[in-house]
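Spelled out from the first residue to the last, the chains are:
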Amino acid sequence: MNEILKDSILFGVSVSLLGYEAGRWMQKRYKKAIFNPLLISVVLVISFLLLFHIDYETYNNGAKYIGFLLTPATVCLAIPLYEQLELLKNNVCAVALGILSGVITSLTGVWILSRLFSFSHEEYVTLLPKSITTAIGIGISEEMGGIPTITVAVIVITGILGNVLAESICKLFRITEPVAKGLAIGTSAHAMGTSKAIEMGDIEGAMSSLAIASAGLVTVIFASIYANFI
Amino acid sequence: MKYLRQFCVIMLVTFLGEILYMLLPLPVPASIYGLVLMLAALCTKVIKPEQVKETAVFLIEIMPVMFIPASVGLIESWDSLQGILLPVAVTILVTTVLVFAVTGLVSQGVIRKSNRKSTKGGSDS
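Chain order of the listed sequences is A and B.
Take the first sequence: its letter number 113 is residue 112 in numbering that gives the first Met the number 0, and every next letter is one higher.
Take the second sequence: its letter number 60 is residue 59 in numbering that gives the first Met the number 0, and every next letter is one higher.
Since the hints were made in silico from the structure, they are not lab data.
It is possible that some hints are incorrect.
[As the list claims (entries may be wrong)] Estimated spans, in silico, between C-beta atoms of each pair:
id, chain 1, residue 1, chain 2, residue 2, range
1, A, Glu82, B, Leu3, 20 to 30 Å
2, A, Glu20, B, Met10, 18 to 28 Å
3, A, Phe228, B, Glu49, 47 to 57 Å
4, B, Lys1, A, Phe67, 41 to 51 Å
5, A, Phe67, B, Leu3, 12 to 22 Å
6, B, Ile61, A, Arg28, 17 to 27 Å
7, A, Glu141, B, Met10, 35 to 45 Å
8, A, Thr107, B, Gly82, 36 to 46 Å
9, A, Gly200, B, Leu92, 39 to 49 Å
10, B, Lys44, A, Tyr29, 40 to 50 Å
11, A, Ile8, B, Cys7, 36 to 46 Å
12, B, Gln81, A, Leu115, 17 to 27 Å
13, B, Glu17, A, Ala95, 27 to 37 Å
[Unchecked claim] Simulated crosslink set (DSS-like; lysine-lysine; CA at most 27 Å straight-line):
id, chain 1, residue 1, chain 2, residue 2
14, A, Lys88, B, Lys112
15, B, Lys47, A, Lys88
16, B, Lys44, A, Lys88
17, A, Lys30, A, Lys170
Quick caveat: nothing in here was measured; it's all calculated off a predicted structure.
Backbone N, C-alpha and C fix where the C-beta goes; we use that ideal spot for every residue, glycine too.
Build out the structure end to end from the sequences listed, making use of the hints.
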């Protein structure tokens with residue numbers, strides 16, 4: 000199988016898109032948070048690759064071109080943000096305090112749990128940037144002496160988790176303000192959560208987009224201090 | 000041709016973001032430079048929303064799909080994760096929920112407080 004597909008660009012692309020379509024179909028049919036299209040598609044694609052003994056490399060040979068669109072798509076998040084700029088101006092205090100407290104909670108949480116599980120410095124700093132966007136997270140992990148590939152894995156799991164749990168956590172903690180919902184999603188689950196926030200509404204999407212960039216940058220500053228703790 | 004023009008504008012801004020990333024010695028990725036540049040261009044009316052809107056909406060809509068390749072990459076890091084799987088899983092779950100709740104409740108608290116002060120502010124929820 001690997002031999003035939005190795006030079007195919009569209010194999011990885013098609014499998015990913017089909018997986019996502021299947022995920023959306025299941026979401027429509029069962030209407031449960033766990034039937035999250037992103038989660039379903041990842042599970043389906045991984046199962047497919049394992050079942051037919053196809054290497055990740057063979058898959059990613061084509062699939063990486065979908066990932067290539069991530070940078071321009073992130074740039075595009077400026078447009079919904081611009082459309083909600085009035086809202087941002089009216090809520091500067093809530094935005095700044097919300098994101099700041101979220102970042103501190105993330106770093107402190109990872110620190111305390113790393114102490115509890117007696118992680119090494121390497122493991123600790125690998126987990127430290129788990130809530131922020133991959134591109135910034137990899138940089139922090141590398142600089143502090145972490146393992147970048149595991150950092151990516153941890154960031155991805157965090158993102159999927161945030162995406163799947165977003166609505167339930169909002170309900171559980173009675174977070175009903177659209178601004179607060181968006182900030183919470185973007186700060187805890189970066190761009191992968193943001194795609195869920197966009198589904199929830201324009202305000203949620205814009206605030207979540209804002210939180211990706213802001214939380215990422217604030218984390219850069221604080222992570223360099225937290226890195227010395229273990 | 001509208002979409003092509005819009006795609007061109009988006010790609011140009013993204014490219015400028017990449018250049019900034021290469022020139023500046025900060026740990027900020029190209030996408031974030033691009034996002035800030037795009038926002039600045041929109042605010043200063045250098046770019047009008049209608050010059051990027053539909054294509055941007057399309058790219059944002061298909062964004063979840065763009066995360067699939069990196070997520071499937073989890074099978075590659077599986078071996079190195081296995082030894083510390085449980086503690087890592089607990090750390091991820093606990094901190095993600097905690098960060099979500101703290102961020103949401105703090106910002107919600109600030110919003111409600113200022114709403115109460117400015118009797119009937121224009122909140123829409």
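Do the hints match the structure? See the list:
1. A:Glu82 - B:Leu3: 20 to 30 Å: 23 Å, holds
2. A:Glu20 - B:Met10: 18 to 28 Å: Holds, since Glu20 of chain A and Met10 of chain B (Cβ atoms, about 27 Å apart) stay within the stated range.
3. A:Phe228 - B:Glu49: 47 to 57 Å: Because 49 Å falls inside the window, the suggested range holds.
4. B:Lys1 - A:Phe67: 41 to 51 Å: Violated - the Cβ-Cβ distance for Lys1 of chain B and Phe67 of chain A, about 23 Å, lies outside 41 to 51 Å.
5. A:Phe67 - B:Leu3: 12 to 22 Å: 18 Å, holds
6. B:Ile61 - A:Arg28: 17 to 27 Å: 21 Å, holds
7. A:Glu141 - B:Met10: 35 to 45 Å: 27 Å, violated
8. A:Thr107 - B:Gly82: 36 to 46 Å: Given range 36 to 46 Å: violated, Cβ gap about 25 Å.
9. A:Gly200 - B:Leu92: 39 to 49 Å: 26 Å, violated
10. B:Lys44 - A:Tyr29: 40 to 50 Å: 46 Å, holds
11. A:Ile8 - B:Cys7: 36 to 46 Å: 23 Å, violated
12. B:Gln81 - A:Leu115: 17 to 27 Å: 20 Å, holds
13. B:Glu17 - A:Ala95: 27 to 37 Å: 29 Å, holds
14. A:Lys88 - B:Lys112: With Cα atoms ~16 Å apart, Lys88 of chain A and Lys112 of chain B stay inside 27 Å; holds.
15. B:Lys47 - A:Lys88: Given pair Lys47 of chain B, Lys88 of chain A holds - Cα atoms ~20 Å apart, limit 27 Å.
16. B:Lys44 - A:Lys88: The given pair, whose Cα atoms are some 18 Å apart, holds under the 27 Å limit.
17. A:Lys30 - A:Lys170: 16 Å, holds
In summary, the numbered hints that this structure violates are 4, 7, 8, 9, 11.
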